Amino acid sequence: MQSSMITCKDFLRELSDYLDDATDPALRAELEKHINECPNCWVVTDTTRKTIQVYKGMDLHPLPEAVHHKLMNALAQRAAQKQAKSGS
Amino acid sequence: MPDQPLQAERAPVSAGEGDLVERAKAGDMEAFAELVRRYERRIYRMARQITQNDEDAEDVLQESFLKAFEHLDSFQGQSKFYTWVTRIAVNESLMKLRKRKSDRTVSLDENIETDEEPIVREIAVWDDTPESKYSQEELRQILDRAIDSLKPIFRTVFILRDVEELSTEETAEVLGLSIAAVKSRLLRARLQLRERLTRVFKRKGDGIFGYAK
Chain A
109 MQSSMITCKD FLRELSDYLD DATDPALRAE LEKHINECPN CWVVTDTTRK TIQVYKGMDL
169 HPLPEAVHHK LMNALAQRAA QKQAKSGS
Chain B
409 MPDQPLQAER APVSAGEGDL VERAKAGDME AFAELVRRYE RRIYRMARQI TQNDEDAEDV
469 LQESFLKAFE HLDSFQGQSK FYTWVTRIAV NESLMKLRKR KSDRTVSLDE NIETDEEPIV
529 REIAVWDDTP ESKYSQEELR QILDRAIDSL KPIFRTVFIL RDVEELSTEE TAEVLGLSIA
589 AVKSRLLRAR LQLRERLTRV FKRKGDGIFG YAK
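Those protein sequences? They're chains A and B, same order as listed. Under my numbering, the residue at position 82 of the first sequence is numbered 190, and the numbers go up by one with no gaps. Under my numbering, the residue at position 110 of the second sequence is numbered 518, and the numbers go up by one with no gaps.
Hints were generated in silico from the structure; no laboratory data involved. These numbers were taken from a predicted model, which means no experiment stands behind them. Where hints are given, some of them may not hold.
[Claimed, not checked] In the DSS-like style, the derived pairs of lysine-lysine whose C-alpha atoms are separated by at most 30 Å in a straight line are:
| id | chain 1 | residue 1 | chain 2 | residue 2 |
| --- | --- | --- | --- | --- |
| 1 | B | K433 | A | K178 |
| 2 | B | K610 | A | K117 |
| 3 | A | K141 | A | K117 |
| 4 | A | K164 | A | K141 |
| 5 | A | K164 | B | K541 |
| 6 | A | K164 | B | K612 |
| 7 | B | K507 | A | K158 |
| 8 | B | K541 | B | K509 |
| 9 | B | K475 | B | K488 |
| 10 | B | K475 | B | K507 |
| 11 | B | K612 | A | K193 |
| 12 | A | K158 | B | K559 |
| 13 | B | K610 | B | K541 |
| 14 | B | K541 | A | K158 |
| 15 | B | K612 | A | K190 |
| 16 | A | K117 | B | K509 |
| 17 | A | K158 | B | K433 |
| 18 | B | K541 | A | K178 |
| 19 | B | K433 | A | K164 |
| 20 | A | K190 | B | K475 |
| 21 | B | K612 | A | K178 |
| 22 | B | K488 | B | K559 |
| 23 | B | K559 | A | K164 |
| 24 | A | K164 | B | K509 |
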């Protein structure tokens, strides 16, 4: 089988799909070969993966309790209006 | 007396989403409230991250669920309820941004990025665990500032895909974009964030091996 050369530019274009495991196996093998031979792309892959992970683990903005209550009150009010309108 | 919940009619947590939607459509307010409780945290977090503002996030949360409540009849059930509300909330969030910044870059339709190559400048390994070096609050600020530095079109895609963990297809549906556009924006968003965070998290001292005189 003929192996095509992957450049860093090509690699970068596929990086997201590679990290999401969304490439077909043949391309994946080529990308892996490239990372093993190219320290820069290895570092970029590693730090991009860490970027995604660090955001996944963080609940940056928890819902304040007061905001939850305001929302529930607003909904109850709207529901009451709707009911009044429908003439019950 | 046993600890009786105040809302005796509260829908069981295990109730299926479709079932809750049907009951809410039939006028069961408690079923709708259960849908709200399921998704309000995610909707708030997303709105807060897109708008970067507490007050706007609160408004978006409220407006989105009130709109969903008003227009429940038009919800067809082909997509998930969560995806539907997310779509409403994203639109509300972008509207807030436009108002606040009167910023013409706040558009999802822009085609600015498709011809550009993704950019990588900083290439450096990170400290082992950024989490252990910074307090939760410091880390929160670092991550928040990095997200804030992205253009809204990139920020929104990143939040939906990588924070809220929607699939590429769901993200495309929510934003009314093609799969290809979602993918290309996600790649750029990830790389831009990586760039920002590398400046903060890179292992100090590596430079002396390569570049110090």
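These are the hints, each one checked on the structure:
Of the pairs offered as hints, the one joining B/K433 and A/K178 holds, with about 22 Å between alpha carbons and a cut-off of 30 Å not exceeded. For the hint pairing B/K610 with A/K117, the CA-to-CA distance comes to about 23 Å; that is within 30 Å, so the pair holds. Taken as a hint, the A/K141 and A/K117 pair is honoured in the structure, with Cα atoms around 15 Å apart against an allowance of 30 Å. Distance hint between A/K164 and A/K141 is fulfilled; the C-alpha atoms sit about 28 Å from each other, no more than 30 Å.
Annotation: proposed proximity of A/K164 to B/K541 holds, straight-line Cα distance about 18 Å (limit 30 Å). Simply put, A/K164 and B/K612 have alpha-carbon atoms about 25 Å apart, close enough for the 30 Å limit, and the pair holds. Restraint check for B/K507 and A/K158: not satisfied, since their Cα atoms lie roughly 34 Å apart, outside the 30 Å limit. With a C-alpha separation of about 35 Å, the suggested pairing of B/K541 with B/K509 is violated against the 30 Å cut-off.
Taking the CA atoms of B/K475 and B/K488, the gap is about 16 Å. The hint holds against a cut of 30 Å. As the CA atoms of B/K475 and B/K507 are separated by approximately 19 Å, the hinted pair is consistent with the 30 Å bound. Restraint check for B/K612 and A/K193: the C-alpha separation of about 66 Å exceeds 30 Å, so the hint is violated. The suggested pairing of A/K158 with B/K559 holds, with an alpha-carbon distance near 21 Å, which does not exceed 30 Å.
A hinted pair counts as satisfied when its Cα atoms are at most 30 Å apart, and B/K610 with B/K541 qualifies at roughly 12 Å. Note on B/K541 and A/K158: the hinted pairing holds, with a Cα-Cα distance of about 15 Å set against a maximum of 30 Å. About 61 Å separates the Cα atoms of B/K612 and A/K190, which puts this hinted pair outside 30 Å; it is violated. Distance check on the hinted pair: A/K117 and B/K509 sit about 35 Å apart at the alpha-carbon level, beyond 30 Å; violated.
Between the alpha carbons of A/K158 and B/K433 the distance comes to roughly 43 Å, so the proposed pair goes past 30 Å and is violated. A C-alpha spacing of about 37 Å is found between B/K541 and A/K178, which places the hinted pair above 30 Å, so the restraint is violated. Annotation: proposed proximity of B/K433 to A/K164 is violated, straight-line Cα distance about 34 Å (limit 30 Å). At most 30 Å may separate the alpha-carbon atoms for a hinted pair to count; A/K190 and B/K475 meet this at roughly 13 Å.
For the suggested pair B/K612 and A/K178, the alpha carbons sit about 46 Å apart, so the restraint of at most 30 Å is broken. The hinted pair formed by B/K488 and B/K559 meets the criterion: a straight-line CA distance of about 28 Å does not exceed 30 Å. Between B/K559 and A/K164, the direct Cα distance comes to roughly 20 Å. Compliance with the 30 Å bound is thereby established for this hinted pair. Restraint check for A/K164 and B/K509: the C-alpha separation of about 28 Å stays at or below 30 Å, so the hint holds.
Consistency note: the structure conflicts with the earlier hints numbered 7, 8, 11, 15, 16, 17, 18, 19, 21.
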